[in-house]
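**Student:** Just so we're aligned, residue 21 is where the sequence shown starts under my numbering, counting upward by one.
The set of hints was computed from the structure by calculation and includes no laboratory data.
The structure presented is a predicted model; accordingly, all values stated were derived computationally and were not measured.
Cβ atoms here follow ideal geometry from the backbone N, Cα and C, with glycine treated the same way.
Each hint should be verified, as a subset may be incorrect.
Claimed, not checked - The calculated DSS-like cross-link candidates involving lysine-lysine, where the alpha carbons are at most 27 Å apart (straight line), are:
| no. | residue 1 | residue 2 |
| --- | --- | --- |
| 1 | Lys-248 | Lys-230 |
| 2 | Lys-235 | Lys-261 |
| 3 | Lys-261 | Lys-285 |
| 4 | Lys-243 | Lys-297 |
| 5 | Lys-181 | Lys-133 |
| 6 | Lys-114 | Lys-164 |
| 7 | Lys-235 | Lys-297 |
| 8 | Lys-272 | Lys-285 |
Said to hold, decoys possible - So the derived label-pair ranges between C-beta atoms look like this:
| no. | residue 1 | residue 2 | range |
| --- | --- | --- | --- |
| 9 | Met-92 | Asp-284 | 56 to 64 Å |
| 10 | Glu-228 | Asp-23 | 54 to 62 Å |
| 11 | Gln-298 | Ser-276 | 13 to 21 Å |
| 12 | Gln-87 | Glu-29 | 46 to 54 Å |
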Amino acid sequence: MKDYKKLMEQFRGLGPAQQESILSELLLIREASSPVLQELEAEAGESSHRKPCPHCKSQKVYKRGKQKGVQMYQCRECDKWYSQTTGTPLWEIKKKEKWQHYLECMQRGTGIKKTAEEVGICIQTSFDWRHKILSTLGSQEPAKLGGTVECDEMELSLSNKGDRNLERKPRKRGTDFKRNDGGKHNITTVQVVTAVDRDGNKFLRAVESKRLTHKQIRKAIGKKLSMKSTLITDEHPSYKKFAGTRAGITHKTVNSRDHVNPADKNVHVQRVNNTHKQIRDFLSRFNGVSSKYLQNYLNWYAYGGKMNDTLSQLRQWFCTILASDMAYNLFQLYKQNAVLIRT
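Taking the hints into account, I'd like the entire structure generated from these sequences.
**Tutor:** Structural data, given as structure tokens:
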């Protein structure tokens, strides 16, 4: 009891920022020690809300008991059975009790091999779990960007990390590339088209291209811009042509060397440039990301930024995972081109 009073006195003597930091850490420790996934699955099973059929999307479903604590359903339209986790990354997972520990490792940015060793799973399973989780994050991207939207592209080298049948000579380092190494018709770069509005909403799309065209820009962000929004870009001609095809969009430009328009200080691309720096720092933790998985990691960066603003991070992760009915199918598409890891 004396230790408790002494601890509280020390806590009261701290500044507001330090108190808030300690409370956040204590909440995460409390959360990590509780079975978050089991609690959420139980809540979902007891809820009066019935999960729509993932096979035919029908709402006419009814509960059919539980299997190993997971709520089961049957559809009245297609007559198929499914569970609360069908279609989510947790579907057909045999070691769900280790997912909470695995997510904690992901939050710390631990590598795939080190995570496998810490959690007690094989490296291939660690790799598969990461991409099953990341496949849920595409649904978290903003529906629309509005107001003032800054847009620019960030160039990365095309990475074939893990590919054992390269059609070119291997590079010593991921950054040792030349734009035209692949020949006239082969693409050697990836453009990360980045759009950020002044509210901080981000939309990222990876496009394999040496030079962006207005058609690629339209395909990447065309449906994300709200009517009457203001688009700020550099003087790249493809952006001008793209903006010219969008009625209701006001287009303003800034010289890429100046970063800020001298005539109007509100016309700048500083937010998007800062986002590019953050993306490079984020990707550097993984010692190179294969281009075929780059979009997954971009979604991780964008969603992870939102997670930093929440106190209940693990619960938020699991809610996102359980709410994504198409994640398992998306993962299967990734897996068709995935490289098996030799351990």
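**Student:** Next step is simple, just say for each hint if it's right about the structure.
**Tutor:** How the hints compare with the structure:
| no. | hint | verdict |
| --- | --- | --- |
| 1 | Lys-248 to Lys-230 | violated, 31 Å |
| 2 | Lys-235 to Lys-261 | holds, 9 Å |
| 3 | Lys-261 to Lys-285 | holds, 24 Å |
| 4 | Lys-243 to Lys-297 | holds, 25 Å |
| 5 | Lys-181 to Lys-133 | holds, 16 Å |
| 6 | Lys-114 to Lys-164 | violated, 38 Å |
| 7 | Lys-235 to Lys-297 | holds, 26 Å |
| 8 | Lys-272 to Lys-285 | holds, 12 Å |
| 9 | Met-92 to Asp-284: 56 to 64 Å | holds, 60 Å |
| 10 | Glu-228 to Asp-23: 54 to 62 Å | holds, 60 Å |
| 11 | Gln-298 to Ser-276: 13 to 21 Å | holds, 19 Å |
| 12 | Gln-87 to Glu-29: 46 to 54 Å | holds, 52 Å |
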